[in-house]
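J.: Chain by chain, the residues:
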Amino acid sequence: MFRLKLIPDNSSFPFLNLFKFGFVFSAILIALSVGSFLYQGLNLGIDFKGGILIEAKSKQGSADVQRLRAELGEMSFGEVSIQLFGAEDEVLIRIQKQEGDEQAQVQVIKEVNALISDGYTVRRTEFVGPTIGAELTQKGILAVVSALAAIMIYIWFRFEWQYSIAAILALSHDVISTIGFFSLTSFEFNLATIAAILTIAGYSINDTVVVFDRIRENFRRYKSWEQNDIINKSLNETLSRTVMTSVTTALALIAIMVFGGPVLRDFAAAMLWGVLIGTYSSIFIAAGVLTYVALNRSGDDTADIPKPEFEE
Amino acid sequence: MLQFEAWKRLVILIVCLAGLLAALPNVVSVPFYPGKSVNLGLDLRGGSHLLLRTDINAVVTERLSDIAEGIRISFREEKVRFKSLTSDENSVSFSLRDEGDASIRDTVLSEFDDDFVVGTQAGTTIIAFSDSGFLELQSRTVEQAIEIIRRRLDPDGTKEPVIQRQGVDRILVQVPGIDDPERVKALLGRTARLTFQLVDMRITGAEAKSSGRVPPGSVLLESASNDGQSYVVEKRVMVSGDMLETASAGFDQNNSPAINFSLNSIGAKKFATVTGSNIGRPFAIILDNEVVSAPTIRAQIFANGQITGDFSIQESNDLALVLRAGALPAPLTVLEERSIGPGLGADSIAAGQIAAIVGIILVIFYIVLSYGIYGAMASAGLLVNLMLILGALSLIQATLTLPGIAGIVLTMGMAVDSNVLIFERIREELRRGRGVRDAIKAGYSRAISTIMDANLTTLIASILLYIFGSGPVRGFSVTLGIGIITSLFTAILFTRFLIVLWINAKKPKTLVI
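Each protein sequence line maps, in turn, to chains V and S. Using my numbering, the first residue of the first sequence is number 1, and each one after it goes up by one. Using my numbering, the first residue of the second sequence is number 1001, and each one after it goes up by one.
The reader is advised that the hints may include incorrect statements.
Cβ pair distances, simulated, as ranges [to be verified]:
| # | chain 1 | residue 1 | chain 2 | residue 2 | range |
| --- | --- | --- | --- | --- | --- |
| 1 | V | 138 | S | 1289 | 31 to 39 Å |
| 2 | V | 172 | S | 1449 | 23 to 31 Å |
| 3 | S | 1010 | V | 262 | 44 to 52 Å |
| 4 | V | 66 | S | 1162 | 39 to 47 Å |
| 5 | S | 1433 | V | 17 | 25 to 33 Å |
| 6 | V | 17 | S | 1027 | 48 to 56 Å |
| 7 | V | 70 | S | 1070 | 51 to 59 Å |
| 8 | V | 228 | S | 1162 | 54 to 62 Å |
| 9 | S | 1236 | V | 138 | 43 to 51 Å |
| 10 | V | 121 | S | 1227 | 28 to 36 Å |
If you want the ones that stay clear, here's a sample from chain V, every Cβ over 10 Å from chain S, calculated [said to hold, decoys possible]:
| # | residue |
| --- | --- |
| 11 | 17 |
| 12 | 32 |
| 13 | 49 |
| 14 | 65 |
| 15 | 69 |
| 16 | 224 |
It is worth saying that the hints were derived from the structure and are not from the lab. Glycine included, every Cβ here is placed at the ideal spot set by N, Cα and C.
Construct the entire structure; sequences and hints are all you get.
T.: What follows is the structure, given as structure tokens:
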């Protein structure tokens, strides 16, 4: 009977030899991310920096971006960006936060609406005032940090502190490189991005836990083995599952990216990146780090794992 | 024979049935069926989301100014001489010219209760709101504002807008299915305080403007229509908007849009007195400190009147509506706005549905290719999972947003993970030489601890998303969280049950999974 198997049954990749390449790769990735973040920063959406976003659809024919740019440019709203959004007849207009209080911003929305209402239908208006922008930034940072902390505590609880450290290194690696991804690609960084980052964290830790579970189990099974051999074997044993799950999740994300409309496109692209990097980091960072620390062999042997119903 | 306890079968049956019943209203509409369909977020059905702040400082300043006027009148009546009676946004202050009047002052001040802090130092008296008085005023202002907003946005009580207090001085307004978000802001944009005040005849608006001097007891106001005119009107309010009985849009004798109003009995009595004794004088109609018009009183007017001005039909309709609803206790500022037109919402739903269908087909295709008939069973679990998510969302009336749909599609991808873990485990057990039944049993029992760990961590992430997220992000976290729980059910119970049924029926000697 035919079975699609991307990974052979008894795979034996020499992960131990690959770890050093992984570390180099990750070091470059992190350096690039941090560098890009410091050098060109993030393309912050209005959620965080405040401002106005208007999505409009041309009533007839395709949208004339050049003309809109010229017309809105004359209005002295400061920085205005206009781009096609999803289709030839749809535009996204972004206007920077205006001087003055919230009333000044609302006034601008009115003026833009009046200006474009002849040729365009306004489909979406978003405005985030400076107060809210600052609050959302604070909340976003808090969300990411507390998620990382909660996950770390959970892993600490279920495994041992060495695993917890390795997991949090892998997670931070994923979060930093995802932020780097947004910085390098200039994708808009908004509230949905925070959701994407947290989901990537959830996905990545999910993957890491599966690998850790197997390592811990194999410590009990192969009492005489070297620690590194056990780690290598565990990675190979779980590899088929790792690839399988990554592919199914990626398939779902590709569907969102292609068919889910322009609003979800960047979101899905970021998640797709996250699935790749999360899968990579479970093997090369989380398990890789474990090869450098001495793991407790007996440890919390029996307490939290149900006894198998079968004897060997 | 693989065992599957009766109670587990019962649980499966009940959960699936409940999910089916709860999800049903989303697919077909059944008459008299009590269930509700999924509550679509504003980004999917279109509508306006506004976060407003009530300007408490404006209210405080105004109240303090009223208090200062009250003190001025009391002192005049008692013939107390005072100086530098002023009010600002924090306090009212004054001092007496003659300390001999201290006892009268104390009588006047004794009327201020716990809501105020009153103190006299070095001859200067200061009156300010106490902390509790300020909080009380704040609460009352926000509550009144909510009530007025509701009356303005939903006069017929049919639109189901969400109007909630948020934090200390904020109000969240969500109006579904509105075509023109600017109109919502127009309705909330004005305080709509209507007053009738006599025009001060001693000086014209232009003179007062050029000289910068306004007679005491009067105030200089601009015209509401941008004609650059200004008026000097007496500060004393003769009749105000809270004495309105009704207001409706109509037309004046020139067929321009106007607002017809009638006053309640108190208002009518005052109106008649004032108009009766001031025939020939202009009477200013003032809306939010701007003079709408200042017609000359030609005869005594009783309960009914008309406000003419420079209105469009839409404006006169809206103005009549806000006058009926009453004045806002404080000006509102828009802190955040997200408005989605109905067309975009429909497009998003369509795109989301296509993405979900394509995503599920791709995933099913891939797992069937990988695990054959067992993959098909996992796929059945996937579909049940989808039904359960839909059912749960309908049942708890959570809001489904566009990111929420993404959450569902993502869950589809991740839900397979539990089955993959189990199947891979069974494969391993088979390679170790176990028999069919043993391998299945061992596969399940060994995979479960991993599955729990993996899903609990994702659940943690989704709970934190819910706590810290706002708006659409919350919708995402809700579907993700529900999806994790339902996928645990389908992987551990539902799909397993299918496999047990299959194995028990077919009794295969060897297992190819």
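J.: Decide, hint by hint, whether the structure agrees.
T.: Structure-based check of each hint:
1. 138/V to 1289/S: 31 to 39 Å: Taking Cβ atoms as reference, residue 138/V and residue 1289/S lie about 37 Å apart, which means the hint holds.
2. 172/V to 1449/S: 23 to 31 Å: Cβ of residue 172/V to Cβ of residue 1449/S: about 26 Å, so the range 23 to 31 Å holds.
3. 1010/S to 262/V: 44 to 52 Å: 46 Å, holds
4. 66/V to 1162/S: 39 to 47 Å: 41 Å, holds
5. 1433/S to 17/V: 25 to 33 Å: 30 Å, holds
6. 17/V to 1027/S: 48 to 56 Å: 54 Å, holds
7. 70/V to 1070/S: 51 to 59 Å: 57 Å, holds
8. 228/V to 1162/S: 54 to 62 Å: Because 58 Å falls inside the window, the suggested range holds.
9. 1236/S to 138/V: 43 to 51 Å: 48 Å, holds
10. 121/V to 1227/S: 28 to 36 Å: Roughly 33 Å apart at Cβ, these two residues keep to the hinted range, so it holds.
11. 17: 24 Å, holds
12. 32: Given that every Cβ of chain S is farther than 10 Å from that of residue 32/V, nearest at about 26 Å, it holds.
13. 49: The claim stands: residue 49/V keeps its Cβ more than 10 Å from every Cβ of chain S (closest is about 13 Å).
14. 65: Residue 65/V is indeed farther than 10 Å from all Cβ atoms of chain S, at 19 Å.
15. 69: Holds: least Cβ distance 22 Å, greater than 10 Å.
16. 224: 18 Å, holds
The structure is consistent with each of the numbered hints, conforming to all of them.
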